[in-house]
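Please take these sequences and the hints and turn them into a complete structure.
Here the protein sequences come in this chain order: S and A.
Residue 365 in the numbering used here sits at position 281 of the first sequence, with consecutive numbering throughout.
Residue 353 in the numbering used here sits at position 269 of the second sequence, with consecutive numbering throughout.
Derived from the structure by calculation, the hints contain no laboratory data.
Misleading hints may appear alongside valid ones.
When chains are identical, the list treats them as one kind, so a pair holds in a single copy or across two.
Cut-off 35 Å, straight-line C-alpha distance, at most; resulting in silico cross-link-like pairs (DSBU-like, lysine-lysine) [to be verified]: (1) K286 <-> K222; (2) K222 <-> K87; (3) K260 <-> K367; (4) K328 <-> K105; (5) K105 <-> K367; (6) K367 <-> K87; (7) K86 <-> K367; (8) K305 <-> K105; (9) K86 <-> K222; (10) K105 <-> K247; (11) K328 <-> K87; (12) K87 <-> K286; (13) K86 <-> K286; (14) K305 <-> K87; (15) K305 <-> K286; (16) K247 <-> K222; (17) K282 <-> K86; (18) K105 <-> K222; (19) K305 <-> K367.
Protein chains: 2
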Amino acid sequence: MKKFINRPETLLAESLAGFSKAHANILNYDAEQKVITRLNGSEKPKVAIISGGGTGHEPLHAGFVGMGMLDAACSGEIFTSPTPFQMEAAANCVENGAGVLFIVKNYAGDVMNFEIAAEMLDCENASVLVCDDVSLPKDHSAGRRGVAGTLIVEKIVGAAAEKGADLATCKALGDKVNEATASMGVALSSCTVPALGKPTFKLADDEIEMGVGIHGEHGCKTQPLTDANSIVAQLMTTICEDLKCSAEQSVLLHVNGFGATPSMELYLVYEIASQFLAIRGIKVVRSLVGNYTTSLDMAGCSITVTCLDEALLLLWDAPVHTANLRWG
Amino acid sequence: MKKFINRPETLLAESLAGFSKAHANILNYDAEQKVITRLNGSEKPKVAIISGGGTGHEPLHAGFVGMGMLDAACSGEIFTSPTPFQMEAAANCVENGAGVLFIVKNYAGDVMNFEIAAEMLDCENASVLVCDDVSLPKDHSAGRRGVAGTLIVEKIVGAAAEKGADLATCKALGDKVNEATASMGVALSSCTVPALGKPTFKLADDEIEMGVGIHGEHGCKTQPLTDANSIVAQLMTTICEDLKCSAEQSVLLHVNGFGATPSMELYLVYEIASQFLAIRGIKVVRSLVGNYTTSLDMAGCSITVTCLDEALLLLWDAPVHTANLRWG
Chain S
85 MKKFINRPET LLAESLAGFS KAHANILNYD AEQKVITRLN GSEKPKVAII
135 SGGGTGHEPL HAGFVGMGML DAACSGEIFT SPTPFQMEAA ANCVENGAGV
185 LFIVKNYAGD VMNFEIAAEM LDCENASVLV CDDVSLPKDH SAGRRGVAGT
235 LIVEKIVGAA AEKGADLATC KALGDKVNEA TASMGVALSS CTVPALGKPT
285 FKLADDEIEM GVGIHGEHGC KTQPLTDANS IVAQLMTTIC EDLKCSAEQS
335 VLLHVNGFGA TPSMELYLVY EIASQFLAIR GIKVVRSLVG NYTTSLDMAG
385 CSITVTCLDE ALLLLWDAPV HTANLRWG
Chain A
85 MKKFINRPET LLAESLAGFS KAHANILNYD AEQKVITRLN GSEKPKVAII
135 SGGGTGHEPL HAGFVGMGML DAACSGEIFT SPTPFQMEAA ANCVENGAGV
185 LFIVKNYAGD VMNFEIAAEM LDCENASVLV CDDVSLPKDH SAGRRGVAGT
235 LIVEKIVGAA AEKGADLATC KALGDKVNEA TASMGVALSS CTVPALGKPT
285 FKLADDEIEM GVGIHGEHGC KTQPLTDANS IVAQLMTTIC EDLKCSAEQS
335 VLLHVNGFGA TPSMELYLVY EIASQFLAIR GIKVVRSLVG NYTTSLDMAG
385 CSITVTCLDE ALLLLWDAPV HTANLRWG
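Dropping the structure here:
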């Protein structure tokens with residue numbers, strides 16, 4: 085295993101210390117609980133938007149804490165849910181009278197721990213479950229996984245909370261964005277979890293893994309490596325069938341790198357995906373290309389499409405100031 | 085070779101088409117010349133800041149075109165200088181009466197072609213040569229290479245030009261930032277150039293390459309893989325000896341990923357580097373961590389330190405709106 089690392093068991097703490105130091109102008113850090121919170125939060129009551137999960141997906145979630153997005157992020161060990169105590173600590177830190185909304189990616193550990201945390205809280209709270217991964221059928225036994233669409237839910241709900249929306253409105257909005265979002269990923273390589281020290285699955289030199297999640301687990305299908313046009317067409321066909329996009333629909337197109345894929349390839353994927361949509365009359369009105377929801381050092385990418393109406397577009401465009409998304 | 089690609093010979097054009105489409109709100113694209121220019125440039129005369137070079141280093145340079153930074157970027161093939169005709173086309177597009185400043189990384193091909201382009205131009209022009217890579221001695225036969233410090237030169241000079249500095253001032257400022265900047269890189273793996281189809285050098289599983297540039301060339305020394313503390317201490321010792329930083333000096337600390345290194349590891353490197361500086365009384369007043377000057381899919385990172393005075397700090401903080409650097 086070749087990594088910049090001292091010891092696997094200290095990596096997360098050392099890395100979060102560096103992250104919080106590099107962004108000390110906008111973030112607070114509770115080293116004991118491994119919770120990143122927003123500096124200079126709202127003075128008037130505002131729904132506290134909290135997310136979190138296993139690490140290894142950076143910049144998700146800590147990179148999205150700040151004005152107009154998350155109020156706090158809880159970091160578990162790599163690919164491991166944070167505990168209810170971390171979530172409770174985060175809530176106690178940022179709740180200011182308007183309740184707490186947890187944004188939870190659909191994985192058994194995260195779901196269980198956020199549910200326990202919700203029961204522990206004294207304040208009003210609700211949860212949005214993100215399950216945007218359309219590589220699994222809607223009736224899959226564990227439900228669909230939450231992947232790169234999570235940041236879109238976080239951005240749009242975060243903007244609404246910033247504008248003063250109440251808890252019920254934020255919850256309903258999160259569910260709406262989740263419904264309007266579909267993602268699918270493909271891996272060219274596995275990732276290597278430091279504590280394991282070797283790739284979590286193996287692919288031959290001429291194979292790719294279609295329908296992967298973000299935890300180095302196997303995808304739906306191992307298939308031969310083909311050209312980018314064919315790979316992107318396969319992803320986009322599944323995504324568009326699921327979303328049932330009609331012509332003239334406005335969408336956000338998000339190409340997400342899993343960690344080890346060069347920007348040049350991600351923009352090639354974006355180009356092919358945008359042509360796929362253009363041929364069908366679907367209008368790409370906003371774009372996001374880069375490493376946002378990663379899987380350590382995995383080579384691969386996912387494509388996410390979110391159908392936008394005028395209200396969602398305004399919230400997407402609203403000002404945001406976090407370590408890894410910033411505009412307005 | 086596993087990449088998202090149709091054919092090596094069409095990768096660059098397809099990728100730039102996607103890039104320019106994703107950022108059409110701030111950029112123009114001349115597909116014939118492969119030149120990205122800033123949309124909505126200055127109306128009053130302003131020094132045109134132009135850079136460029138071989139591609140494979142994204143987001144450098146095209147990702148830094150926009151308000152407060154570059155006016156144009158010329159893209160050569162992967163790791164191959166653009167031609168003087170591309171540079172001339174870029175200059176003709178963005179020059180508006182205050183002359184042209186070329187920011188050139190010190191590589192033979194780039195230097196030669198930018199010199200030819202300068203002779204071809206009818207307007208006043210000057211060049212800043214960036215040579216921040218301290219892994220090579222100052223008296224190296226080809227001079228030191230320009231690496232991740234280039235974006236710092238581009239940001240600071242771009243801010244000055246935006247504020248109305250004249251050509252001589254921008255040129256002197258670029259030289260000053262270059263002098264105040266030192267970088268050094270280390271690779272855990274080689275990169276794979278698509279047209280070659282295999283890694284450009286080989287490392288054993290327990291070896292790293294110290295003092296690498298950004299073109300997949302061998303570094304100064306192949307050495308055993310050690311822990312992150314030791315690797316970072318080696319980089320920082322060389323950098324600080326070169327800069328001759330005194331205690332109380334304010335610096336910008338930039339940890340740059342080469343493309344395949346997870347964010348978690350980059351922030352670990354940042355944490356160790358910032359402690360190294362703190363022990364010596366050197367004050368990190370600004371930070372930048374992420375993939376900014378890459379080498380395709382190389383695993384590795386570089387550290388850059390720039391000594392900042394009050395004037396440079398103000399210019400670094402000045403508003404910027406590009407695809408990959410945005411604030412203010």
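Regarding K367 and K87, is the shortest C-alpha distance of 35 Å or less found within a copy, between copies, in both, or in neither?
between (41 Å within a copy, 28 Å between copies)
Within, between, both or neither: K260, K367 at alpha-carbon 35 Å
within (20 Å within a copy, 46 Å between copies)
What label fits K328 with K87 when the C-alpha limit is 35 Å: within, between, both, or neither?
So K328 and K87 pass the 35 Å test across copies only (30 Å; inside, 42 Å).
For the identical chains here, do K305 and K286 meet the 35 Å Cα criterion within one copy, between copies, both, or neither?
Both ways: K305 and K286 sit 13 Å apart in one copy and 31 Å across, limit 35 Å.
From the Cα coordinates, with 35 Å as the cut-off, is the pair K247 and K222 best called within, between, both, or neither?
within (33 Å within a copy, 55 Å between copies)
For the identical chains here, do K305 and K105 meet the 35 Å Cα criterion within one copy, between copies, both, or neither?
Answer is between: at 32 Å across copies they meet the 35 Å cutoff, but 41 Å inside does not.
For the identical chains here, do K328 and K105 meet the 35 Å Cα criterion within one copy, between copies, both, or neither?
Between. Shortest inter-copy distance 24 Å satisfies the 35 Å Cα cut-off; intra-copy 44 Å does not.
Tell me, please, which holds for K105 and K367 at an alpha-carbon limit of 35 Å: within, between, both or neither?
For K105 and K367, only the inter-copy Cα distance (12 Å) is at most 35 Å; the intra-copy one is 40 Å.
Using 35 Å as the alpha carbon limit, work out where K286 and K222 are close: within a copy, between copies, both or neither.
within (27 Å within a copy, 45 Å between copies)
Is it within, between, both or neither when you check K305 against K87 at 35 Å Cα-Cα?
Close inside one copy (28 Å) and across copies (18 Å); limit 35 Å.
Regarding K282 and K86, is the shortest C-alpha distance of 35 Å or less found within a copy, between copies, in both, or in neither?
both (10 Å within a copy, 19 Å between copies)
Homo-oligomer pair classification [K367, K305; C-alpha up to 35 Å]:
Intra 30 Å, inter 51 Å, cutoff 35 Å: intra-copy only.
This entry satisfies every hint, going by the numbered hints stated previously.
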